[in-house]
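J.: Here the protein sequences line up with chains V and Z, keeping their order. Position 606 (the first sequence) corresponds to 622 in the numbering used here; numbering is contiguous. Position 304 (the second sequence) corresponds to 296 in the numbering used here; numbering is contiguous.
Simulated from the structure, these hints should not be mistaken for laboratory data. Careful, some of the hints might be misleading.
With a straight-line Cα cutoff of 27 Å, these simulated DSSO-like cross-link-like pairs (lysine-lysine) come out [said to hold, decoys possible]:
(1) Lys123(Z) / Lys64(V)
(2) Lys577(V) / Lys221(Z)
(3) Lys310(Z) / Lys577(V)
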Amino acid sequence: MSSWPAETKYISKNTTRIDAPAKLTGQAHYASDIQADGWLYGMILRSKWPAAKILSVNLDKARQVPGIKAAITVKDFPQTIRFYGEEIAAVAGTSKQACLDALRAIEVQAEPRNDFVVNEDDARKENAPQVWDGRPNVSPGRSREQGTVDQAFTECAAVIEGSYSTAVQIHHPMETHGNTVSWTDDGVTAWASTQGISAVRDGMAGALKLDHSQVRVITEFMGGGFGAKQAAGIEGVLAARLSREAKAPVRLMLTRFDNSLAVGNRPSSFQKIKIGALADGTLHAFEMNAYGTPGINGGANIPAPYIYRIPNTRVNQSTVLVNAGPSCAFRAPDHPPASFGMESAMDDLAVKLGIDPLEFRLKNDSNEIRQREYKLGAEKFGWKEKYQKPGSSPGPVKTGIGCAGAAWPAGGASRRTQGEAQINPDGSVEFRLGVQDIGTGTKTVIAVVAAEMLGLKPEQITVKTGDTNYPPGPTSGGSTTCASISPTVYDICANALQQLQTQSGLADARGDNWFAACKKLGVTPLVVHGQWQQGLSSSPAYGVQFAEVDVDTETGLVTVKKVVAVHDCGLIVDKLTTESQINGGVIMGMGYALYEERVMDDLSGVVLNPNFETYKLAGIADVPEIEIVLINMPERGVIGIGEPATVPTAAAIGNAVANAIGARVGSLPITPAKILAALGKVPPVAKS
Amino acid sequence: MKAFEYATALSTDSACELVAGHGAYLAGGNDLLGLLKDYLVPGPDILVNIKSLPGLNKIEPGAKHWTLGALVTVGQIENSPEVKAAFPGLHEAASEIASQQIRNVATVGGNLAQHSRCWYFRHRDTVCLKKNGDLCYARNGENRYHSLFTGNDCISPVVSSLAVIFTALDATAAVLRDGRETRMSMAELYQTAWKTTVAHNSLNPGDLILRVEIPLARSRSAYLQASDKHAFDWALVSCAAAAEVADGKLKSPRVALGGISPVPHQVQAANDFLAGKTLDDATASRAADMILAGATPLEHNGYKVPMAHALIRRALLKLKA
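All chains should be built: construct the whole structure from the sequences, respecting the hints.
T.: Next comes the structure, spelled out in structure tokens:
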């Protein structure tokens, strides 16, 4: 069985991203930078109604706008519109302004409908407008019962009941969704901002009725996906169709407005939790009734009671459909809301029991790795010294601390991952993998593993990724990329060394012998293949985080002062890119805790905050000191870190806020308005 | 956006002539371009670049008052040590506006004249009262960012941070109207918005703000705002206070708030009450009560009452230092 080297020069050390200079100097070309010869802008016309029947669409006037080269409709008519922002038509033209003018020139004949519903509570009511004909808005989800729950609650020394809710979070990667697509007689080439070049190729080929071999997808650099860019997407297929009609490449990048409506989201959750513990602090009974909305489609179930095992448990969940854009995978799907609800309830129960919340977790969380992480983190954080009874910090600006745990059980690795290396007689070596670097440092990981195994330096490794002409790689979802490619590169290197040693006659072709061995190849480069091997990766990952906050009890402003993030991901391949994932996870989790929320308007059915002015994202001034503590466990092999890093942040911050002010804000995002309300300072609505 | 002509004006008279009821002035452009791109206002036939108008980009100290040209950028104010010394509250207000990049180009005139940020007004697919529609969506809808006071059916609040501190400093705007220079107090500059749903200030089409004059009557001033985030975010509520302090007693005190009314909110009775007082918690709190009396919270904006109360007290107490 394969195993990672015990002594390493690059693995688990700090290697700067190999593409950092290209990114910093603007040489890196993202999907939105691609300028194929004769390219056109593409844009999408979206529904301005949350519910409507589109009877017909006339594109004639749009086609007459100077500069417009193509105009198409998305579907046949009549088209049923189920959410504000649903795609109706698309145009391609020589300038942005031409496209904007053309969108306004499209004539849409529609029957708008007033029977729509955009919020969960209204959609659950009897006689609520139905999002889909013949399908109820509410569908039961994962429900289960074990033990004797009602009896068990009577045996508890303390029981709390709480309501915890999380808002719909919109996908806003730095680079919006989109592609440049060129459709010629030879086939389709798509420069895609995607997490899965193979998935985009297959999806596009299917939608366009082409052979897989006729579609090539290229993603050299892309600006983030977080789960929302795993398929060709409506915008990708539209770009291809526009390209065919215009006979020119079409760059169709969504606007920030577009991204706010239709690319997917993290569903909301409304969790009613009842939880009880025995006198010694052992969790004994748990009940949750929860629902959430994904929009018009998707599921809103969450794991409960999340990372805890409670002998008597009853969970009832349902998904509520509303007239809003659909959900999709979002960095650790289902986990941040599950963590927020459960970990909030844990702290509320600890307060009632009079137990330190950290002690309460150590007592009830049987996972050995998290136990280690809590103890290590508590020491770094200074938990014992900092912990005060809820609300007991003096003055109007109150300090509080909180913690929460995570698990990311999904993922593992894609066992079908393949790759190749071309070793040239001059000693230069190029690795080619049909994986994409979504900003996590995948290229650097490949270079680090290859350098380690071949005895070279990372900068001596040329890495080529993001092209479906290379051997197939995984979609970057579920935090599986690193665990998929690292064993694959290991295998390529093992095969390369074996062949090189055979061909050169050198017993060890690594390191100092590398160039001499390569020289013996003569004039023909060596191309070796490799694939994912068992034993070099595993799952799951855990992790715990501690947060310290200041809460201004007069203005409601929450300032996160410090987060200590303790994480494990098996063998750490590159420490810098690992830490980078955790920094990003904490910042995203903080945005989820304090700022992010899709706001729908009940009356008009529109998304009210389709921009960064009112869809608030954490900025650098909001970001706390983040101290990362990594536990390196080479014996577990490589495990992904992208998702677990964002799971417990909101829960830890929420608990720190509750500890600071002595009251629970059970609803994310924790805004100044909600802080002041929790403190009982908000006057009632004035009678008009 | 709608196609338009573009011209650069070299004198205020020619600027007014070029705009002539069917154009718009372009200075920093931050607010204007957003309005045009989303077709929120009737598109102008001509954009008149006023950045080259002579003499309007200076901060000029004087014996009795200071003059800020309408083209002075927010960044110029923020970075002026003289402003910081003479009007600390003005420095604080400028520093809180938007982002560094926006402050570098945003002008005094543009900040004062900026349109409503109500998310129903700014939405391309809702037609609210401010866009001559027949309904205020916010009143029974998502009104967390809206006013506690209004004199009409629109509840979108004034968002100009400079208007709030200028009100506290009792500054005057010089406006070119119909070829003549008119002087307007800050109250006058906004009063039309109090009564008129479609108005966000009292300027007529073609009016051009030339300067703002700040009397040297209040050496102490302070500006505070509360936002959801720590930077680059609008004020949920903002508050400015200014006064002279002699022998520990307030002279000519003025307090103004933004984010809670279509106009900079001020209560003369509170200013009168504060005059001659020595500042302490109780006095500041009493003034805050007077300033917020009559607030009518809606479903989601009641938090602004305690928030405003805190900001008033804090801004006043800052005057002591």
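J.: Next, verify each hint and record whether it holds.
T.: Going down the list of hints, with the structure as the test:
1. Distance restraint check for Lys123(Z) and Lys64(V): the Cα-Cα separation of roughly 17 Å lies within the 27 Å cut-off, and the hinted pair is therefore satisfied.
2. For the proposed pair Lys577(V) and Lys221(Z), the alpha carbon gap of about 14 Å is at most 27 Å, so the pair holds.
3. For the hint linking Lys310(Z) to Lys577(V), the alpha-carbon distance of about 25 Å falls within 27 Å, and the restraint holds.
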